[in-house]
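Participant: Construct all of the structure, not just a fragment, from the sequences and the given hints.
Each residue of the sequence shown is one higher than the one before, counting from 1 in the numbering used here.
Note that these hints are calculated values from the structure, not bench results.
Do not take every clue at face value.
[Claimed, not checked] The calculated lysine to aspartate or glutamate pairs, modelled on EDC-like cross-linking and capped at a C-alpha distance of 20 Å, are:
hint : residue 1 : residue 2
1    : K178      : D221
2    : K98       : E122
3    : K242      : E189
4    : K98       : E189
5    : K184      : D226
6    : K184      : D221
7    : K239      : E189
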Amino acid sequence: MSQHPMKTKLGKKLPMSEVAYTNMYGSKDDQYRICEEFYSIQGEGQLSGTWAYFVRFSECNLRCTWCDTKFSYAKPGVTGEWSTTKQLLRRINETGTKYVVLTGGEPCLQPNLQVLTKTLQENGIHVTIETNSTIQRPDVIPDLWSLSPKLQSAKGVFYELADLVYYVWNQPDPVQLKFVTLNKDDFIEMIKLLDDIEDAHDPTTSRGNGKLTVPVYTQPDGYREDYIEAIRETIEWSKELKKDYDVRPMLQFHRLIWGADSIGV
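Facilitator: What follows is the structure, encoded as structure tokens:
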């Protein structure tokens, strides 16, 4: 198995579990801590350009240096508004959309995520869950898992290969991977991580033929002033290093239109 570069030097910031989240921030039956909700265009990934209703949950178990949603971080006792499944469904239906994106923060911290996901699906709504993929939620099966593992440029975020293997090899399709690559070293690290995920395929317990075929989206730092040049760099790294993986350099067109710090779009 290929080795992840400098893996032992990564800061071991273990993820908060949904149980620990509940103990710290509290929980209510069939309710969720919401940071913000908005109806907008999906600006990245395989559903880019789709009109969707975004539900951003409060709090995250990681603290990435380049995070563009730090406002979703919560403090004990100030964790956003409570909303029920029924309230969320009503607001979503008012837009007429058939696509919902559950994001954060970290959605998998929400104890009742399975209830919301299943209810939306039963009402004919496609559910994407955007997760940092450090918390396994076998009770939750969305229509699309959008996985965003954090590389060393996130400064000390720790993840387990087993969690990525769980999502990539043991969850139903579709699954997509998204990476922020700030430099060429990040891109090389990403490819080696893809090698590790492919090597970890177990034909006795997981689906697929052992080849990693999920789409892999890579994007630059959204805060770079020379954003277009940053995208060009990503394209060049992809051309040189992508191997046989389905690596797709990606811009965030919501970033181009509204800026990296915009809220509610």
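Participant: So, for every hint listed, does it hold in this structure?
Facilitator: How the hints compare with the structure:
1. Of the supplied pair hints, the one linking K178 and D221 holds, its CA atoms being roughly 13 Å apart against a limit of 20 Å.
2. Between K98 and E122 the CA atoms are separated by roughly 11 Å; this keeps the pair inside 20 Å, and the hint holds.
3. Straight-line distance between C-alpha atoms of K242 and E189 comes to about 11 Å, which keeps the hinted pair within the 20 Å bound.
4. Between K98 and E189 the alpha-carbon distance is near 36 Å, which puts this suggested pair outside the 20 Å criterion.
5. Between K184 and D226, the direct Cα distance comes to roughly 16 Å. Compliance with the 20 Å bound is thereby established for this hinted pair.
6. With a CA separation close to 13 Å, the supplied pair K184 and D221 stays within the 20 Å bound.
7. Straight-line distance between C-alpha atoms of K239 and E189 comes to about 15 Å, which keeps the hinted pair within the 20 Å bound.
Violated hint for the displayed structure: number 4, the only one.
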